[in-house]
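Note that the protein sequences, when read in sequence, are chains A and B. By the working numbering, the letter at position 203 of the first sequence is numbered 203, and the numbering carries on one by one without gaps. So the mapping is simple: the working numbering equals the position in the second sequence, first residue as 1, plus 1000.
Check each hint, because a few of them may be wrong.
To be verified - Within a straight-line C-alpha distance of at most 27 Å, the following computed BS3-like cross-link-like pairs (lysine-lysine) qualify:
hint: 1; chain 1: A; residue 1: K159; chain 2: B; residue 2: K1231
hint: 2; chain 1: A; residue 1: K161; chain 2: B; residue 2: K1257
hint: 3; chain 1: A; residue 1: K317; chain 2: A; residue 2: K353
Hint data in this document are derived by calculation from the structure and do not stem from the laboratory. Nothing here was measured: the structure is a model prediction, and the numbers come from that model.
If you want the building blocks of each chain, they are given just below.
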Amino acid sequence: MGLAGKMAEESSRIDAGAGPGPRQAAPADGDVPLLRIDKVAKKFGTFRAVDGVSLDIAAGEFFALLGPSGCGKTTLLRMLAGFETPDEGRILLGGRDIAQVLPHERPINMMFQNYALFPHLSVRDNIAFGLKRAGMARGEIAARVAEMVALVKLDGLEKRKPDQLSGGQKQRVALARSLARRPQVLLLDEPLAALDKKLRESTQGELMELQRRLGMTFIVVTHDQEEAMTMASRIGVMDSGRLEQVATPHELYEAPNSRWIAGFVGDVNLFDGEITSRDNHRLTIATRDAGTLVVAEPRNPVTKPNVSVAIRPEKVKLSLRGPATDAINGSSINRLDGVVAEVCYLGGSTNYKLKLDSGSHLRSSIANTARIDIDAYGVNQHVVAWFAPDDCLVLEQ
Amino acid sequence: MARRRVSSFNIASLALGLAFLYLPIVILVIYSFNASRLVTVWGGWSLRWYAELFNDDAMIEAAWMSLRVAGASATIATVLGTLAAVALSRGERFRGRTLFSGMLYAPLVMPEVITGLSLLLLFVALNAERGFWTVTIAHTTLTMCFVAVVVQSRLASLDRSLEEAAMDLGCDPARAFLAVTLPLIAPAIAAGWMLAFTISLDDLVIASFTTGPGSATLPIRIYSEVRLGVKPEINAISTLIVGFIAVIIVVASLASKLSSAQGENAAPL
């Protein structure tokens, strides 16, 4: 059987412990990607849940689909698993169109959001379920189950039923069950949503470690941007059924391609304005709420005069009298006067909300780098906020 | 938690309520052990009527007939009712599904006289010889909807992603049903079977419409005996039936509890 052969091959690769650092992998030009989603659309009645999504995913990638609830990310994942059939477009796995292939005939497995463990089967039988269907020999199944149990650290729990397990243990069983068949692609639907914060953080690390060791392709759906940025090598952000941007976490945060993404991924201050002049790779923008700002010209030329200036809170510095002259370094710097309206101490950093003279607000996040903080500002204190032109982003409205 | 005092009013109302429900049955059970030939006169304890009952061939035959009808009709109704429940809650949406599901439940509210009469007309029109099979078929139509209700409510509480997980792990839809869905709804199916069994065992109206000469069920037999005057023997067989049905109800509710312990919500019984 073809599948069994592929599994054996996969397993020997894993045993050897080899594998180039797959986290950095992105589809190389000219290569056939492992998974190609080509103009896929899905309608429910008249509602377009997924609206013309195209995406390439390379073998060994850890890809995250990020978006608010109802954006279509789960529908897209279910089409990859085969539970929904696309109305338009193709899904190519290794060059073969699988859009119409039934779920049980796809070399893709899924870890369900609520885990969907079979309540009448023990941990061992849950993990072995897919292996029995694949027609593996008994001894082989036992060996694979033992391997999976060790992999997700469930030793000693093999005979328990799902309702005798904690949330974290259930999550591990679900993971082991979906990994057991060694799928070419593993889909994870909000894998950590049901876990508490501490457990979520440690499990994130374990998932990454596991993916690296197995060299398997993971596609995770999440609404939690921090989770996506921590785990994934590339992130696709979805909104209203459309794929808005596909980028590495760094690019997504520092170079979002729209106002919406800048606001969705992380915190941002946005000021609307109009370009008044451009020279020497600097744009001068007259904003309604923050006066005249000087920003670096983006790589992609801005065509429309109406733009928004985006600046992340941690890039806004504060002081009582403004930047020291040597910090300006000859170039222009943006300087705004304001009054502290809110202080929010978070331990590692402190978030300030300033009220500018125009009445609008500017948020600043200052890292608490010293234990005794001499630079803390109180409410109603007058401060100067400043940020460099290179730290600003220009986004079309 | 503060213990609430139980007032004498509560005790009295509880006692009266229970008496209203169970006193007739208790009297019936006690009088089944009556030694006297007269039903209303107490003549001391005796098992005489039980002994007499087991020598009453007509009565034994009727009881045997009832058990066979109940067993056969409950089994057919369980198969059909389960299939209907699965089709209604798992199948693709098809045209007229709402109508179909409404029609399935119609016998729940249909007066038994009408069901019985219409079945009688059908059997006469088909020129079917009335007897064991006509009663069995009639009881199947009566009890199928009860099975469907019980199984469907269990299916509705069952997470669909369990079946999807089975398909994801290599089962075609039929296998997924057999390997995952069926074991999880099995207690509800068992409860449905027992419900169908007791309803069939209990039915007088439909059976009397659809039965033929020489194949009287137990309720028909008892009813015709009572018309000629109550014999103490009737008390004895009634006591046996009450005991039998009580056992089945307890087993059915245990099965239903087991079903809910295994998964989400219980199938209401």
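Worksheet item: Which of the numbered hints are not met once you compare them with the structure shown?
Response: Hint 1 is the one this structure does not satisfy, whereas the remaining hints hold.
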